[in-house]
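Chemist: Please build the complex by placing chain B on the supplied structure of chain A, with the hints as guidance.
Protein chains: 2
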Amino acid sequence: WTRTFLDGLLGFGFDRPLYLVNPRGGEIRGIKVYADIDDVPSPVEYVVSTVPARAAVDLVRKCARKGTRVIHFCTAGFGETGIPELAELEQQLLAAARETGIRLLGPNCMGVYCPDSRFSFDPIFPREAGPVGYLSQSGGNVSQLVAPSMHRGIRFSKVFSYGNALDINECDLLEYLAEDPATEIIAMYVEGVKDGPRFRRALERATARKPVVALKGGVTAGGARAASGHTGSLAGIETTWESLCKQTGAMNVATLDEMADALVALRFMRLPAGNRTLVVGGGGGASVILTDQFEKNGLSVPRLPADVVERIREFSSDAGNILSNPVDYSQNMFDPEQPGTQSKMDRMVEIASAHSGIDLMVIFMSFTAPPSLIREKMANVGGLMIQAVQDSKKPSAAIIEPSVLPEIQSFVFPLVQQMVAANVPVFYSAVSAARAINALLAHERMKRSRGIA
Amino acid sequence: WTRTFLDGLLGFGFDRPLYLVNPRGGEIRGIKVYADIDDVPSPVEYVVSTVPARAAVDLVRKCARKGTRVIHFCTAGFGETGIPELAELEQQLLAAARETGIRLLGPNCMGVYCPDSRFSFDPIFPREAGPVGYLSQSGGNVSQLVAPSMHRGIRFSKVFSYGNALDINECDLLEYLAEDPATEIIAMYVEGVKDGPRFRRALERATARKPVVALKGGVTAGGARAASGHTGSLAGIETTWESLCKQTGAMNVATLDEMADALVALRFMRLPAGNRTLVVGGGGGASVILTDQFEKNGLSVPRLPADVVERIREFSSDAGNILSNPVDYSQNMFDPEQPGTQSKMDRMVEIASAHSGIDLMVIFMSFTAPPSLIREKMANVGGLMIQAVQDSKKPSAAIIEPSVLPEIQSFVFPLVQQMVAANVPVFYSAVSAARAINALLAHERMKRSRGIA
Numbered sequence: 003w004t005r006t007f008l009d010g011l012l013g014f015g016f017d018r019p020l021y022l023v024n025p026r027g028g029e030i031r032g033i034k035v036y037a038d039i040d041d042v043p044s045p046v047e048y049v050v051s052t053v054p055a056r057a058a059v060d061l062v063r064k065c066a067r068k069g070t071r072v073i074h075f076c077t078a079g080f081g082e083t084g085i086p087e088l089a090e091l092e093q094q095l096l097a098a099a100r101e102t103g104i105r106l107l108g109p110n111c112m113g114v115y116c117p118d119s120r121f122s123f124d125p126i127f128p129r130e131a132g133p134v135g136y137l138s139q140s141g142g143n144v145s146q147l148v149a150p151s152m153h154r155g156i157r158f159s160k161v162f163s164y165g166n167a168l169d170i171n172e173c174d175l176l177e178y179l180a181e182d183p184a185t186e187i188i189a190m191y192v193e194g195v196k197d198g199p200r201f202r203r204a205l206e207r208a209t210a211r212k213p214v215v216a217l218k219g220g221v222t223a224g225g226a227r228a229a230s231g232h233t234g235s236l237a238g239i240e241t242t243w244e245s246l247c248k249q250t251g252a253m254n255v256a257t258l259d260e261m262a263d264a265l266v267a268l269r270f271m272r273l274p275a276g277n278r279t280l281v282v283g284g285g286g287g288a289s290v291i292l293t294d295q296f297e298k299n300g301l302s303v304p305r306l307p308a309d310v311v312e313r314i315r316e317f318s319s320d321a322g323n324i325l326s327n328p329v330d331y332s333q334n335m336f337d338p339e340q341p342g343t344q345s346k347m348d349r350m351v352e353i354a355s356a357h358s359g360i361d362l363m364v365i366f367m368s369f370t371a372p373p374s375l376i377r378e379k380m381a382n383v384g385g386l387m388i389q390a391v392q393d394s395k396k397p398s399a400a401i402i403e404p405s406v407l408p409e410i411q412s413f414v415f416p417l418v419q420q421m422v423a424a425n426v427p428v429f430y431s432a433v434s435a436a437r438a439i440n441a442l443l444a445h446e447r448m449k450r451s452r453g454i455a
Numbered sequence: 003w004t005r006t007f008l009d010g011l012l013g014f015g016f017d018r019p020l021y022l023v024n025p026r027g028g029e030i031r032g033i034k035v036y037a038d039i040d041d042v043p044s045p046v047e048y049v050v051s052t053v054p055a056r057a058a059v060d061l062v063r064k065c066a067r068k069g070t071r072v073i074h075f076c077t078a079g080f081g082e083t084g085i086p087e088l089a090e091l092e093q094q095l096l097a098a099a100r101e102t103g104i105r106l107l108g109p110n111c112m113g114v115y116c117p118d119s120r121f122s123f124d125p126i127f128p129r130e131a132g133p134v135g136y137l138s139q140s141g142g143n144v145s146q147l148v149a150p151s152m153h154r155g156i157r158f159s160k161v162f163s164y165g166n167a168l169d170i171n172e173c174d175l176l177e178y179l180a181e182d183p184a185t186e187i188i189a190m191y192v193e194g195v196k197d198g199p200r201f202r203r204a205l206e207r208a209t210a211r212k213p214v215v216a217l218k219g220g221v222t223a224g225g226a227r228a229a230s231g232h233t234g235s236l237a238g239i240e241t242t243w244e245s246l247c248k249q250t251g252a253m254n255v256a257t258l259d260e261m262a263d264a265l266v267a268l269r270f271m272r273l274p275a276g277n278r279t280l281v282v283g284g285g286g287g288a289s290v291i292l293t294d295q296f297e298k299n300g301l302s303v304p305r306l307p308a309d310v311v312e313r314i315r316e317f318s319s320d321a322g323n324i325l326s327n328p329v330d331y332s333q334n335m336f337d338p339e340q341p342g343t344q345s346k347m348d349r350m351v352e353i354a355s356a357h358s359g360i361d362l363m364v365i366f367m368s369f370t371a372p373p374s375l376i377r378e379k380m381a382n383v384g385g386l387m388i389q390a391v392q393d394s395k396k397p398s399a400a401i402i403e404p405s406v407l408p409e410i411q412s413f414v415f416p417l418v419q420q421m422v423a424a425n426v427p428v429f430y431s432a433v434s435a436a437r438a439i440n441a442l443l444a445h446e447r448m449k450r451s452r453g454i455a
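Protein sequences appear in the order of chains A and B. Read in order, the letters of the first sequence correspond to residues 3 to 455 in my numbering. Read in order, the letters of the second sequence correspond to residues 3 to 455 in my numbering.
It is worth saying that the hints were derived from the structure and are not from the lab. Just to be clear, a hint being listed does not mean it is correct.
What the hints assert, rightly or not - Derived lysine to aspartate or glutamate pairs resembling EDC-like cross-links, with alpha carbons at most 16 Å apart:
| id | chain 1 | residue 1 | chain 2 | residue 2 |
| --- | --- | --- | --- | --- |
| 1 | B | 298 | A | 240 |
| 2 | B | 64 | B | 40 |
| 3 | B | 395 | B | 352 |
| 4 | A | 196 | A | 182 |
| 5 | A | 396 | A | 348 |
| 6 | A | 64 | A | 38 |
| 7 | B | 68 | B | 38 |
| 8 | B | 298 | A | 244 |
| 9 | B | 212 | B | 177 |
| 10 | A | 298 | B | 244 |
| 11 | A | 298 | B | 240 |
| 12 | B | 68 | B | 41 |
One chain only, chain A, in its complex shape (with noise of 0.2 Å):
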């Protein structure tokens, strides 16, 4: 039932009337408010709730009368409290659901987000769709991914966010994830697995289908402590949830950044052939740093070789440039191109990516400089690392390092916007580039020995 009964769901945003309803009564913005549901002229097929805990179980009986499919209940204070009468509360209402036939998305949960059906619970997530599918127990989990991975180029299918899981539940969701055709990527978050051997199969089911990005919340002792209060979940341990990620192909991941970075990974970055990875970037104590980061985090940064490093040395200077990979060409970056001739950047990533020890290209940039130097001196800082990007024989990604001050910051957003609207994977740190990257070369060499596709 789970694929009809969500389709259907879904399909309500598409055109239906909306009536408010609130005690008071009045208007709010010109749209007639209705006393009690009662009152409302018409079947009400969907319902979103935000009566207190108490009256929950008598909103379920009336909705009842007024033909309601759904009710998704916003109310929190229920069993995720830890006090007995309330956890009792949560029981009597699910009761009541079951006897009517209405089925609950929740309680204490955000909702749905889905762009094609215009729902949505925030008012800054996109409009425009996208292949990512995301079922999150948490609401703000929702907005903490889908507000940072949209500047990113990441775009959503349908994202549920279901709470305390009283009726559907994250299996109900993810076997629907796995089947929508909408849906290309799944991501979950998760606190508690309510029947494992259920999870397990509807986990298998998906990662045979499609990569699956995976955050457990609460395997520490505080964190299941955590989601206990959060959702009433009875979260479990890290070894377990990890071992079910190694043995169903989930890529598990420990942060919402880290979640949003194997999305970027997954949608953006072609597939490299191996981990040798060619390290382009501007400075040479950063490009110390960040090789020593990707080699402690599963990439190689592999030395060219001297015929290679003399064709580039023969355009470019010695003095303050590194050659031989990592390549630091702060010295040569910004050279004033000629009308006509190819910058020496280019030259040197064509070179460089050219080589057969190579697997991939990153790129990277920070911005230290006063504000006013990095306006003048980088104006075209943008365009020279998509044309390098473009220019590479090999699948390539930026690192761009954000600025905590904003009148830097307001350079370096559009910067980032201009490359992710050329499909650039875009990373904010060493680390976050190298680990996804890893995790996307761990993926494939998983879905490889399984005969996946």
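Modeler: Here is chain B on its own, set in the frame of chain A:
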């Protein structure tokens, strides 16, 4: 000699006249440019040189006739290029220096930043001095530490970028900062160590006197090659460095962000008696992930006992909050304050932080709402967080996640500045805060076990 010499060098900044020298002559901003150093009408004690590498030896001989005591060579293009003739040129430079008695800083470095001497090489560095001394083999890594950490309240006594360390080297500088009365905390970024036993002795003596935060560039094979191309350093392997830090009690960090975090903890965090952390924040899902990150990185987040939770529950909302630690107080955080009465947030913090099972408090906040809503609803969030930290009965810190969105960051940045001005240790992520506080605790245990005050 080191101390006298470097004190002398730093003295040159104060009140000596500045002469510009360039073969083209003329004027820069109204200051006469001499065509040759021989033309300068007085002795020249301290020379900052950007002549090409091939002109460096000649410059030393010329300077000897002008009574020069120190030359800081920005000039790069010596041994670090890996080209034998240029390595030979570097040795000739050293020979000329020894012969003339002139001391060299560099080559291939950015030199000195010392606010009290009015020496600087970057216009954005603060003019105000502070207790952190920093030696960095990389000039870029001076900017990459000073610029971000200045916005978190860190100020510097004396900073040396020393490049290829041809003459003045890491041991000289470390010994100097260990003795320097203006330096209370030492930070160092080192790529190569020329004299292992001397470096170990210098580090032992430094750590016995003040905290030393140490970052080694080139701890992987790729990183070591990068270091060799950057400053001609022979970098060692990671395990050696880790052992050295462990044995001497230096705080070993892997990135400059971690270094800034360690400096913030050392400078602004009152010392907690243990690692049992009260987590106060906004958002349920965020609290769960943050708690997992804390417990994975050395801090524990213990349950508050039932009687403490009951006292908090008396005036707090159950719905949408978690009260047992982590305390997700997002539903009550912005409750309007009654004039003359304590806010709910403050009462909660006072009660929870007073519990004997709690050693420290961390309060966190991130901003994903639309900028207009943030400005309106969270106008006083800075005051609220500062008040919470000040009313906490235990050492406390704040985590404020920067936003990549310039409109939001232009709200977040002044908020951070407001908290920094109130001497609150501010971190940018859960992992950063947990690592830094855990390192602070480990450092204290080390000191106690060695009987260091």
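Chemist: Now tell me if each hint is right for this structure.
Modeler: We went through each hint and held it up to the structure:
With a CA separation close to 10 Å, the supplied pair residue 298 of chain B and residue 240 of chain A stays within the 16 Å bound. A C-alpha spacing of about 7 Å is found between residue 64 of chain B and residue 40 of chain B, which places the hinted pair at or below 16 Å, so the restraint holds. Distance restraint check for residue 395 of chain B and residue 352 of chain B: the Cα-Cα separation of roughly 7 Å lies within the 16 Å cut-off, and the hinted pair is therefore satisfied. Among the hinted pairs, residue 196 of chain A with residue 182 of chain A is inconsistent with the structure: their alpha-carbon atoms are about 23 Å apart, more than 16 Å.
Taking the CA atoms of residue 396 of chain A and residue 348 of chain A, the gap is near 14 Å; set against the 16 Å cutoff, the hint holds. For the given pair, residue 64 of chain A sits about 9 Å from residue 38 of chain A by alpha-carbon distance, which is consistent with the 16 Å threshold. Between residue 68 of chain B and residue 38 of chain B the alpha-carbon distance is near 11 Å, which keeps this suggested pair within the 16 Å criterion. At roughly 14 Å between alpha-carbon atoms, residue 298 of chain B and residue 244 of chain A fall within 16 Å of each other, so this suggested pair holds.
For the hint pairing residue 212 of chain B with residue 177 of chain B, the CA-to-CA distance comes to about 12 Å; that is within 16 Å, so the pair holds. A hinted pair counts as satisfied when its Cα atoms are at most 16 Å apart, and residue 298 of chain A with residue 244 of chain B qualifies at roughly 14 Å. Between residue 298 of chain A and residue 240 of chain B the CA atoms are separated by roughly 10 Å; this keeps the pair inside 16 Å, and the hint holds. Between the alpha carbons of residue 68 of chain B and residue 41 of chain B the distance comes to roughly 10 Å, so the proposed pair stays at or under 16 Å and holds.
Taken one by one, the earlier hints fail for this structure only at number 4.
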